[in-house]
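Those protein sequence lines, which keep their order, are chains X and D. The opening residue of the first sequence carries number 7 in our numbering; numbering runs sequentially from there. The opening residue of the second sequence carries number 25 in our numbering; numbering runs sequentially from there.
Any given hint could be a false lead.
Here are a few chain D residues that sit away from chain X, every Cβ distance over 10 Å (derived from the structure) [unchecked claim]:
#	residue
1	35
2	51
3	77
4	94
5	98
6	119
Now the stretches of chain X that chain D is said to cover, found in silico as 3 or more residues with beta-carbon under 8 Å [what the hints assert, rightly or not]:
#	stretch
7	64-78
8	108-119
Since the hints were derived computationally from the structure, they do not count as laboratory data. Bear in mind the structure is a predicted one, so any value in this text is a computation, not a measurement. Glycine included, C-beta positions come from ideal geometry on N, C-alpha and C.
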Amino acid sequence: GDSVTQTEGLVTLTEGLPVMLNCTYQTIYSNPFLFWYVQHLNESPRLLLKSFTDNKRTEHQGFHATLHKSSSSFHLQKSSAQLSDSALYYCALRESSGQKLVFGQGTILKVYL
Amino acid sequence: GPKVLQIPSHQIIDMGQMVTLNCDPVSNHLYFYWYKQILGQQMEFLVNFYNGKVMEKSKLFKDQFSVERPDGSYFTLKIQPTALEDSAVYFCASSSGLGGFEQYFGPGTRLTVL
Numbered sequence: 007g008d009s010v011t012q013t014e015g016l017v018t019l020t021e022g023l024p025v026m027l028n029c030t031y032q033t034i035y036s037n038p039f040l041f042w043y044v045q046h047l048n049e050s051p052r053l054l055l056k057s058f059t060d061n062k063r064t065e066h067q068g069f070h071a072t073l074h075k076s077s078s079s080f081h082l083q084k085s086s087a088q089l090s091d092s093a094l095y096y097c098a099l100r101e102s103s104g105q106k107l108v109f110g111q112g113t114i115l116k117v118y119l
Numbered sequence: 025g026p027k028v029l030q031i032p033s034h035q036i037i038d039m040g041q042m043v044t045l046n047c048d049p050v051s052n053h054l055y056f057y058w059y060k061q062i063l064g065q066q067m068e069f070l071v072n073f074y075n076g077k078v079m080e081k082s083k084l085f086k087d088q089f090s091v092e093r094p095d096g097s098y099f100t101l102k103i104q105p106t107a108l109e110d111s112a113v114y115f116c117a118s119s120s121g122l123g124g125f126e127q128y129f130g131p132g133t134r135l136t137v138l
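Construct the complete structure from the given sequences, taking the supplied hints into account.
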């Protein structure tokens, strides 16, 4: 079945440094939708980014990601981390014909001064 | 932004008892979902519900599980009887069906089965 892999369980970095959280996926479907959700402590997971267009950069709130079907990747990036970016980040996939989301294991991002 | 509410935030029950988890979805949404997250693992899809019917369910959605949304009130997940392996955080989500079926999540209900 479909799967999503987030290789880092925890990423720690100093404020101002660039952020990159990895996400790769496996699916038999040719037109998947990819999502990044962010969950701050004691809050609900909230949609950060989404894409279904190959090789098109999508941006929101300073974060960006590009879906690359050739490498089955949808890495999340930000040029300069802020303290408030500290949270749990989930990458998720939805096949084009269905509705269920398949989640990765999540990456905790901790940003320090 | 739109909010999904879940009641209660925590529930502790004895194995074999029945439990009902309540979800108050975004008001104009028509599609509803439950996901299960065991501690330290990823969120996994349980079921989605539309127009009074289960549209899709995973193998995690055991026979002891049921969902309903009577008369537009809470969207509920009932487990009867509960088992130890049902201990997890259960997330509800809802969608309008637009925007690529963007799903809005609640904060989760932590269920502990003793």
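Hints, one by one, checked against the model:
1. 35: holds (17 Å)
2. 51: For residue 51 of chain D, whose nearest Cβ neighbour in chain X is about 16 Å away, the distance exceeds 10 Å, so it holds.
3. 77: holds (13 Å)
4. 94: Non-interface label on residue 94 of chain D holds, nearest chain X Cβ at 22 Å vs cutoff 10 Å.
5. 98: holds (17 Å)
6. 119: violated (7 Å)
7. 64-78: violated (count 0)
8. 108-119: n = 5 at 8 Å, threshold three: holds.
In this structure, the hints that do not hold are numbers 6 and 7, in rising order.
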